[in-house]
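Chains as they are written, first to last, in the working numbering: chain Z, 1 to 447; chain X, 1001 to 1487.
These are computed hints drawn from the structure, not numbers from a lab. For clarity, every value in this text was computed on a predicted model and none was experimentally measured. Don't take every hint at face value.
Claimed, not checked - Okay, derived cross-link-like pairs now, BS3-like style, lysine-lysine, Cα gap no bigger than 25 Å in a straight line: (1) Z:256 to Z:166; (2) Z:321 to X:1386; (3) Z:192 to Z:166; (4) Z:256 to X:1027; (5) X:1423 to Z:200; (6) Z:200 to Z:166; (7) Z:321 to Z:256; (8) Z:256 to Z:200; (9) X:1386 to X:1481; (10) Z:130 to Z:166; (11) X:1481 to Z:256.
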Amino acid sequence: MTDLSASGAARKSSLVTLDDRTRRRNAAERRFRAYGVAAIATAALALAILLVTIVGNGVGAFRQTFVTIPVTLDAQQLDPAGNRDRGEMSGVLTLAYGGLLNQSLRQSIEGAGIEVEGLTDRDIDDLISKDAPAQIRNRVLANPDLVGQTVEVAVLTNGRVDGYYKGRVSLASAANDGNTSPQQLALADALKERGLLATKWNWAFLTNPDASDQRPEAAGVGIAILGSLYMMLVVLFLAVPIGVAASIYLEEFAPKNRLTDVIEVNIANLAAVPSIVFGILGLAAFINFAGLPQSAPIVGGLVLVLMTLPTIIISTRAALKAVPPSIRDAALGVGASRMQTVFHHVLPLALPGILTGTIIGLAQALGETAPLLLIGMVAFVRNFPAAPPEGLFDPASALPVQVYNWTQRADPAFFERASGAIIVLLVLLLCMNLLAIYLRRRFERRW
Amino acid sequence: MPVFWIVSIVLVLAVAGYVAAKARVLKLAGGDSRRLHSRHVYYGWYGALLVATPALLVLAAWMAAQPVVIDRGIAADLPPSVMREGVNPAIVVQDVRRTATALSQGLREGVLTRTDLADAAAQAETLRPRLTEAGIRLPPAASEPAMLGAGGEYRARQVAGHWAMTGVVLLLAVGGLVLGHRQSQPQTRARNLVERFVKAALITCSSIAILTTAGIVLSMVFESAQFFRQYAWTDFFFGTTWSPRFGGGSQLGILPLLWGTLYISAIALVVAVPIGLFAAIYMSEYASNRVRSFVKPTIEVLAGIPTIVYGLFALMTVGPMLRDWFAQPLGLGSSGSSVMTAGLVMGIMLIPFVSSLSDDIINAVPQSLRDGALGLGSTQSETVRKVVLPAALPGIVGAVLLAASRAIGETMIVVMGAGAAAKMDLNPFEAMTTITVKIVSQLTGDTDFNSAETLVAFALGLSLFVITLILNIVALYVVRKYREQYE
């Protein structure tokens, strides 16, 4: 900075007045810093937009519009024999229940004195979800004594009416829609005014099975959650022991030779293989070769086991490596065998690290979609799988696959369901990650 | 006897083996464990292992082998009236299996008796109505009496096999118990035996990684070979049209898919590399510890979000936004799913990947290099640009290659954001498709594993596997080589 040649132009520079070059360099410095801040801000903004849009679209799935009407469960129609016998009553089809519901709705409308111009019978009948009769039927079959009584029931309204109260459907769009009409929406408004129709919290979203294309209002993630849970069980019971055993061998016992080198390179590469390739493996090996059933959680679980193994092995090895050699030396010094050293001293000390890595591996497996598409988990499943172990072989869905499935349907109401399912998935992942962080904070030890 | 019970019995016997061996060896030593070669628990474990290991291994092997053996045997014994010329034997055997399942179900529900089953072929007329009445469906092929007979025979062999298995497994377990009792001597080197067993188990577990790779390669190579027998490899690798037709005459050229894949990956990298790199530089060179402690986890949250969420984001938010704000006003297209949509969203997904890898690499540059540059009077940004980045460059190249391999193999974002039309176009607002999208579309739904249209998915998968494998190996090599320089 000091200029020994003392020529005129450079004289101007001092600590008080900066010359052009210094100013340029300082500006470049500030720009560079700004780029860094901008990069971080962009990433954070992207995260915020992502979460806000998904949550914004998805909360609707947890609320649903119901119409509350008194329904007279006519004994003549529902139990012609009069024995209140479940076997006989199951002969009565949902159609009869649908008729009863429509009749009750009409009576309620008359009773409330609602008159809407141009309202057709079809508008009234279609106000109620096509799934509602089946729900009433199940309720009656579960409790045959209800027959003959008049019960107050909250029945699902059709997806368009529900969408009307969530801003998805407007009077203008209803005019061009074959599935609803402005009159129907006016009727819904009138019912709402009289307190018969309300949008309330909807537990059924978490417990119901999937529903067909025409009934978005009845669709839920019950089977998907159960299927994901079963797959996590398979991963937990297979990937964790195998992964930990493999890491123990590679970290503590393996001699340095060609074979262990091959295994190490292999694991590093497997961790980076695209997940869809594991799906192809599952299809070829587990379904076509071993003959396991399609869409079964056991197959999905096995594929996820192979996928998460590298993750678990890598984190377990890191945890084992973090245990200081002095512990091993001490154990060996007092006469323990190598096996005793590992199982009595090293492994317990590495356990918190192993647990954290395992939970993160499980979280990864929970969100994986692509390989599950290939092994038929996209199938439409209405029946809950049985309890494990048999249930592992029953068809089921999985949360991320259910999301994909719903985005492929025409009715926009399913998009709201898909976002709702994502919320469930993200909440589960959040819980798992919080648990991992807690375990790390609570038990981590530094030497 | 259900398998569950067999396993339970074996495990109970193993516990008995544990207790018995431990008690016996202690008794032989006169209650003084100093006279034993190993600690007494090891004798117990040895006894338990002798009971459980052979029995459970045989059980697993038997369960895997029995269906294959029975299928073969039945297929060989089927009369020509059932096993006709030109019919796929596998389908006939499947019908036999379904018939057998229906018959066992009938027996379980009390519709049929054992004598009915022993001679199913002779009672063909009466069996079907009785089963139908009970709500059990026989496959259509079972109208043939011979098929019913085969079904009965299949069931008989299944039952016989099952009982034989139960017998053998339990016999082995009891044998193990006896052997364990005999071997429980104070001089037996029980600890060494148990440890040898444990080590063998550990080795088996670590070789599963190799088995997986072998499984991946084998499954794809065999099916791909079958594909190339039906479809010329030159047409596959150099064909510029992708139009699968299940009626035949499909054109299955990989080039349009490869173009879509590379185009989308390139956009993703253009988004992710600068953002990720600058974020990493800022965090490792500028940010205070406090800022770092909440910015780093925030960016890592992006890495923990499943790809399906990004896919939904592309489909519901980014796609329509790009269409309404850019593509339509500019007259570039009217499709919500486009290369740009998928590329942008995939770029967001890759930010944490690039930033955490670069962060590691930048932190590995020795502090002395920075101190030298700062000491000569360069500003912090000059130090980063002229000293730190050049030193970290090989590692950063490795990180970018790893990110590229991620982008190429990514599936859900492109399935939901990029579209399904196989095109070679330059317009980034046009829907295009990728290798992974086509693997999904060719392998979901009803698939016939003999047609080229299905098998092509395996060839695509193999190509994808090879591309990503090469990228990964090069990246790991570059990263590793670079790390050695400063260690």
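The hints, checked one at a time:
{"no.": "1", "hint": "Z:256 to Z:166", "in the structure": "64 Å, violated"}
{"no.": "2", "hint": "Z:321 to X:1386", "in the structure": "36 Å, violated"}
{"no.": "3", "hint": "Z:192 to Z:166", "in the structure": "14 Å, holds"}
{"no.": "4", "hint": "Z:256 to X:1027", "in the structure": "43 Å, violated"}
{"no.": "5", "hint": "X:1423 to Z:200", "in the structure": "47 Å, violated"}
{"no.": "6", "hint": "Z:200 to Z:166", "in the structure": "12 Å, holds"}
{"no.": "7", "hint": "Z:321 to Z:256", "in the structure": "16 Å, holds"}
{"no.": "8", "hint": "Z:256 to Z:200", "in the structure": "64 Å, violated"}
{"no.": "9", "hint": "X:1386 to X:1481", "in the structure": "21 Å, holds"}
{"no.": "10", "hint": "Z:130 to Z:166", "in the structure": "20 Å, holds"}
{"no.": "11", "hint": "X:1481 to Z:256", "in the structure": "20 Å, holds"}
Hints 1, 2, 4, 5, 8, counting from the list given before, are not met by this structure.
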